[in-house]
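With chain A's structure known, arrange chain B on it following the hints.
First to last, the sequence lines map onto chains A and B. Quick note: the first sequence uses the working numbering, first residue 1, plus one each step. Quick note: the second sequence uses the working numbering, first residue 1, plus one each step.
To be clear, the hints were calculated from the coordinates, so they are not data collected in a lab. Predicted model, so just to flag it, every value in this text is computed and none were measured. Possibly wrong hints are sitting among the right ones.
In silico SDA-like cross-links for lysine to any residue, where the CA-CA straight-line distance does not exceed 25 Å [to be verified]:
{"hint": "1", "chain 1": "B", "residue 1": "K34", "chain 2": "A", "residue 2": "I125"}
{"hint": "2", "chain 1": "A", "residue 1": "K245", "chain 2": "B", "residue 2": "D45"}
{"hint": "3", "chain 1": "A", "residue 1": "K47", "chain 2": "A", "residue 2": "T115"}
{"hint": "4", "chain 1": "B", "residue 1": "K15", "chain 2": "A", "residue 2": "G164"}
{"hint": "5", "chain 1": "B", "residue 1": "K34", "chain 2": "A", "residue 2": "Q53"}
{"hint": "6", "chain 1": "A", "residue 1": "K8", "chain 2": "B", "residue 2": "I41"}
{"hint": "7", "chain 1": "A", "residue 1": "K21", "chain 2": "A", "residue 2": "Q6"}
{"hint": "8", "chain 1": "B", "residue 1": "K34", "chain 2": "A", "residue 2": "V48"}
{"hint": "9", "chain 1": "B", "residue 1": "K34", "chain 2": "A", "residue 2": "G118"}
{"hint": "10", "chain 1": "A", "residue 1": "K139", "chain 2": "A", "residue 2": "S235"}
{"hint": "11", "chain 1": "B", "residue 1": "K43", "chain 2": "A", "residue 2": "I125"}
{"hint": "12", "chain 1": "B", "residue 1": "K40", "chain 2": "A", "residue 2": "G76"}
{"hint": "13", "chain 1": "B", "residue 1": "K40", "chain 2": "B", "residue 2": "T50"}
{"hint": "14", "chain 1": "A", "residue 1": "K8", "chain 2": "B", "residue 2": "D45"}
{"hint": "15", "chain 1": "A", "residue 1": "K8", "chain 2": "B", "residue 2": "T50"}
{"hint": "16", "chain 1": "B", "residue 1": "K15", "chain 2": "A", "residue 2": "P85"}
{"hint": "17", "chain 1": "B", "residue 1": "K15", "chain 2": "A", "residue 2": "W90"}
{"hint": "18", "chain 1": "B", "residue 1": "K15", "chain 2": "A", "residue 2": "F236"}
{"hint": "19", "chain 1": "A", "residue 1": "K245", "chain 2": "A", "residue 2": "P181"}
{"hint": "20", "chain 1": "B", "residue 1": "K40", "chain 2": "A", "residue 2": "L121"}
{"hint": "21", "chain 1": "B", "residue 1": "K15", "chain 2": "A", "residue 2": "E35"}
{"hint": "22", "chain 1": "A", "residue 1": "K245", "chain 2": "B", "residue 2": "H47"}
{"hint": "23", "chain 1": "A", "residue 1": "K140", "chain 2": "A", "residue 2": "S235"}
{"hint": "24", "chain 1": "B", "residue 1": "K43", "chain 2": "A", "residue 2": "S235"}
{"hint": "25", "chain 1": "B", "residue 1": "K40", "chain 2": "A", "residue 2": "L249"}
{"hint": "26", "chain 1": "B", "residue 1": "K34", "chain 2": "A", "residue 2": "G122"}
{"hint": "27", "chain 1": "B", "residue 1": "K15", "chain 2": "A", "residue 2": "D82"}
{"hint": "28", "chain 1": "A", "residue 1": "K110", "chain 2": "A", "residue 2": "Y55"}
{"hint": "29", "chain 1": "A", "residue 1": "K245", "chain 2": "A", "residue 2": "S72"}
{"hint": "30", "chain 1": "B", "residue 1": "K15", "chain 2": "A", "residue 2": "F250"}
{"hint": "31", "chain 1": "B", "residue 1": "K15", "chain 2": "A", "residue 2": "T124"}
{"hint": "32", "chain 1": "A", "residue 1": "K139", "chain 2": "B", "residue 2": "S13"}
{"hint": "33", "chain 1": "A", "residue 1": "K139", "chain 2": "A", "residue 2": "P155"}
{"hint": "34", "chain 1": "B", "residue 1": "K34", "chain 2": "A", "residue 2": "G57"}
{"hint": "35", "chain 1": "B", "residue 1": "K15", "chain 2": "A", "residue 2": "G243"}
{"hint": "36", "chain 1": "B", "residue 1": "K15", "chain 2": "A", "residue 2": "N203"}
{"hint": "37", "chain 1": "A", "residue 1": "K245", "chain 2": "B", "residue 2": "I16"}
{"hint": "38", "chain 1": "A", "residue 1": "K8", "chain 2": "B", "residue 2": "V54"}
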Amino acid sequence: MIILTQLKNKLADLKYPSIVKREAGLYHFAILLPEREYLVAFLQHIKVNLDQQYYEGMADHAVSESIYIHDSDHIGIEIYRDRSPSEWIWNNNIVHMVTEPLDTIDLLTKHNTKTWNGMPLGTTIGHVHLHVSNLNRAKKFYNGTLGLYHTATYPGAYFFAADGYHHHIATNTWIGTNILPANNNEQNGPGLDHYAIVLPNNNADIRKLRNNFANLRIGIDGNIADADRQYHDNSFYVYDPNGIKMQFLFC
Amino acid sequence: MGIDDRPFVIDSSMKINHVHLKVSNLSESLNFYKLILGFKILKEDVHTNTAFLVPDTHYIDKDETFNHQHL
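So that you can see chain A by itself, here it is in the shape it has in the complex (with noise of 0.2 Å):
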């Protein structure tokens, strides 16, 4: 779910990557819970333990709830429950989404039901959101290269997703436009070196994949020396127009 590699040069000032640098990366991970009454857990949990310096924020966003925080190495974080489907509202094949206050009284007071132990079982990464260089060059390849919906619109932001989710991967401009393509030189400090997908194992899918990045000349290089690359064999990576590193998995 989440891998971790320590960098080879482990030199203090290689902290605070993407964001100063003014590279497409990754803005944030996000964690999603299973149940709202975890969140309540988890904000309970950090109240006393995280420090402040950690803390970016929370909102409401309609579709979910979220809490906001970055790692050692200023890798932001989002940590998030989402409301039933049946609660979303959909225009015209466009999500209701919103970035308001979170209604941190409401849930104190009605899902306070269990103590922060950890990550529960049903845990997964619900989406991913990177920073690009251009918001229309992201929506050719997630939307018309991947097949993604286009599912929502922010200033600045694009909202992707496989059928019916709000959002697996959201693209924003939000430290500029034509900033650098992701340097995925080790040397250029932390933060992502990939996100991967997994698909059915289907053979025609994956043709078809494939041809897709072919036509578009997007290099597929299964050979990418990676630490988890021995974990699943059958998959295959590309660089998106950002230079931002994926993985498609199909099991």
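Here is chain B on its own, set in the frame of chain A:
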């Protein structure tokens, strides 16, 4: 659902499987991901200095904890 002008439609069961992060200090990051986020280490590869983290915690509701304490 969503704006649809796609020549290829990705399978509706698509999920994000994992994120792989490069960190400046693995032991410091592991402390954070274990103690603050509550992940467990599934395995560590000492050759590549890589750790694989998963959630695997079973929960007991506060009410149940209370009952256990008072048995």
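Tested hints:
1. For a cut-off of 25 Å, the pair hint linking K34(B) to I125(A) stands: about 16 Å separates their Cα positions.
2. The hinted pair formed by K245(A) and D45(B) meets the criterion: a straight-line CA distance of about 22 Å does not exceed 25 Å.
3. As the CA atoms of K47(A) and T115(A) are separated by approximately 13 Å, the hinted pair is consistent with the 25 Å bound.
4. Between K15(B) and G164(A) the CA atoms are separated by roughly 12 Å; this keeps the pair inside 25 Å, and the hint holds.
5. At most 25 Å may separate the alpha-carbon atoms for a hinted pair to count; K34(B) and Q53(A) meet this at roughly 18 Å.
6. At roughly 21 Å between alpha-carbon atoms, K8(A) and I41(B) fall within 25 Å of each other, so this suggested pair holds.
7. Taken as a hint, the K21(A) and Q6(A) pair is honoured in the structure, with Cα atoms around 20 Å apart against an allowance of 25 Å.
8. Of the supplied pair hints, the one linking K34(B) and V48(A) holds, its CA atoms being roughly 16 Å apart against a limit of 25 Å.
9. For the proposed pair K34(B) and G118(A), the alpha carbon gap of about 8 Å is at most 25 Å, so the pair holds.
10. Between the alpha carbons of K139(A) and S235(A) the distance comes to roughly 23 Å, so the proposed pair stays at or under 25 Å and holds.
11. Between K43(B) and I125(A), the direct Cα distance comes to roughly 19 Å. Compliance with the 25 Å bound is thereby established for this hinted pair.
12. For the given pair, K40(B) sits about 20 Å from G76(A) by alpha-carbon distance, which is consistent with the 25 Å threshold.
13. Our distance criterion of 25 Å between C-alpha atoms is met by K40(B) and T50(B), whose separation comes to about 14 Å.
14. A hinted pair counts as satisfied when its Cα atoms are at most 25 Å apart, and K8(A) with D45(B) qualifies at roughly 14 Å.
15. Note on K8(A) and T50(B): the hinted pairing holds, with a Cα-Cα distance of about 11 Å set against a maximum of 25 Å.
16. A threshold of 25 Å between alpha carbons decides the hint, and for K15(B) with P85(A) the separation of about 16 Å falls inside it, so the pair holds.
17. Taken as a hint, the K15(B) and W90(A) pair is honoured in the structure, with Cα atoms around 21 Å apart against an allowance of 25 Å.
18. At most 25 Å may separate the alpha-carbon atoms for a hinted pair to count; K15(B) and F236(A) meet this at roughly 16 Å.
19. Proximity of K245(A) to P181(A) is assessed by CA-CA distance (about 11 Å); at most 25 Å being required, the pair is judged to hold.
20. Using a Cα cut-off of 25 Å, the hinted pair K40(B) and L121(A) holds, with the two alpha carbons roughly 11 Å apart.
21. For the proposed pair K15(B) and E35(A), the alpha carbon gap of about 18 Å is at most 25 Å, so the pair holds.
22. Straight-line distance between C-alpha atoms of K245(A) and H47(B) comes to about 22 Å, which keeps the hinted pair within the 25 Å bound.
23. The suggested pairing of K140(A) with S235(A) holds, with an alpha-carbon distance near 23 Å, which does not exceed 25 Å.
24. Straight-line distance between C-alpha atoms of K43(B) and S235(A) comes to about 21 Å, which keeps the hinted pair within the 25 Å bound.
25. Distance restraint check for K40(B) and L249(A): the Cα-Cα separation of roughly 23 Å lies within the 25 Å cut-off, and the hinted pair is therefore satisfied.
26. As the CA atoms of K34(B) and G122(A) are separated by approximately 17 Å, the hinted pair is consistent with the 25 Å bound.
27. Annotation: proposed proximity of K15(B) to D82(A) holds, straight-line Cα distance about 15 Å (limit 25 Å).
28. Distance hint between K110(A) and Y55(A) is fulfilled; the C-alpha atoms sit about 24 Å from each other, no more than 25 Å.
29. Restraint check for K245(A) and S72(A): the C-alpha separation of about 22 Å stays at or below 25 Å, so the hint holds.
30. Our distance criterion of 25 Å between C-alpha atoms is met by K15(B) and F250(A), whose separation comes to about 11 Å.
31. Proximity of K15(B) to T124(A) is assessed by CA-CA distance (about 9 Å); at most 25 Å being required, the pair is judged to hold.
32. Taking the CA atoms of K139(A) and S13(B), the gap is near 20 Å; set against the 25 Å cutoff, the hint holds.
33. The hinted pair formed by K139(A) and P155(A) meets the criterion: a straight-line CA distance of about 14 Å does not exceed 25 Å.
34. A distance of roughly 21 Å separates the Cα atoms of K34(B) and G57(A); the hinted pair therefore holds under the 25 Å criterion.
35. Distance restraint check for K15(B) and G243(A): the Cα-Cα separation of roughly 21 Å lies within the 25 Å cut-off, and the hinted pair is therefore satisfied.
36. Taking the CA atoms of K15(B) and N203(A), the gap is near 18 Å; set against the 25 Å cutoff, the hint holds.
37. Taken as a hint, the K245(A) and I16(B) pair is honoured in the structure, with Cα atoms around 13 Å apart against an allowance of 25 Å.
38. Under the criterion of a C-alpha separation no larger than 25 Å, the hint pairing K8(A) with V54(B) is consistent with the structure, at around 24 Å.
Hint check: no violations occur; every hint is consistent with the structure.
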